[in-house]
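> Sequence:
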Amino acid sequence: MASIEAEGPDVSGEVPQVPINFVPATEGETFALGQLSIRIMEDGSRTDNRIGTVELTVPANTSGPPPHWHEMHDETFLVTEGTIRFTWYTARASEPTKTVDAHAGDYVVVPVRAPHTFSNPTDKQAKFVNTFTPAFYVNYFKLLAKYIGDGKVMTPEANKKAMASYATIPLPK
Numbered sequence: 001m002a003s004i005e006a007e008g009p010d011v012s013g014e015v016p017q018v019p020i021n022f023v024p025a026t027e028g029e030t031f032a033l034g035q036l037s038i039r040i041m042e043d044g045s046r047t048d049n050r051i052g053t054v055e056l057t058v059p060a061n062t063s064g065p066p067p068h069w070h071e072m073h074d075e076t077f078l079v080t081e082g083t084i085r086f087t088w089y090t091a092r093a094s095e096p097t098k099t100v101d102a103h104a105g106d107y108v109v110v111p112v113r114a115p116h117t118f119s120n121p122t123d124k125q126a127k128f129v130n131t132f133t134p135a136f137y138v139n140y141f142k143l144l145a146k147y148i149g150d151g152k153v154m155t156p157e158a159n160k161k162a163m164a165s166y167a168t169i170p171l172p173k
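Here the sequence shown is numbered in UniProt numbering, starting from 1 and rising by one per residue.
These are computed hints drawn from the structure, not numbers from a lab.
Idealized CB from N, CA, C, for every residue including glycine.
Since no wrong hints were added, every one of them can be taken at face value.
FRET-style restraints, in silico, Cβ to Cβ: (1) 17 / 90: 41 to 49 Å; (2) 99 / 35: 14 to 22 Å; (3) 63 / 111: 20 to 28 Å.
Derived lysine to any residue pairs resembling SDA-like cross-links, with alpha carbons at most 25 Å apart: (4) 127 / 149; (5) 142 / 168; (6) 124 / 156; (7) 152 / 32; (8) 124 / 80; (9) 161 / 86; (10) 160 / 117; (11) 161 / 30; (12) 152 / 60; (13) 142 / 157; (14) 152 / 33.
When you get a sec, could you build the whole thing from the sequences and use the hints?
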């Protein structure tokens, strides 16, 4: 029987020494964003902005951002606690085409140019891990926090102003 050798990259050289980032559950940059709590787990600084990750805590009965789409990044949502309602659109914010209640363990992928929003319509807190590729969108949360200030309510106007800085387009009504 003939021997089969797998061909692969030449690994006879030096092994790369790239640091791995570990973020314990109690660490990461945290701040309030209106009613939401944000924890930045990866801001893109360790991945050449290839991926960014935040954890959002959404209080009970809290609406999310205005319906919108992103021109420059894909995003994912992994629900880790409670229920997050995702709504998709094809034309106008007044005409949702699909609504899904995602529970702990459910995963949603939102490609570039896919109109959507989310909310927590339940009487219990919810959490999700949100990734962005590229990572630049992590800075949207920091900018929005700056616009609304400490302890203030997030307004659609402040949200839209921050969205405009990160190639995020609100749906027409």
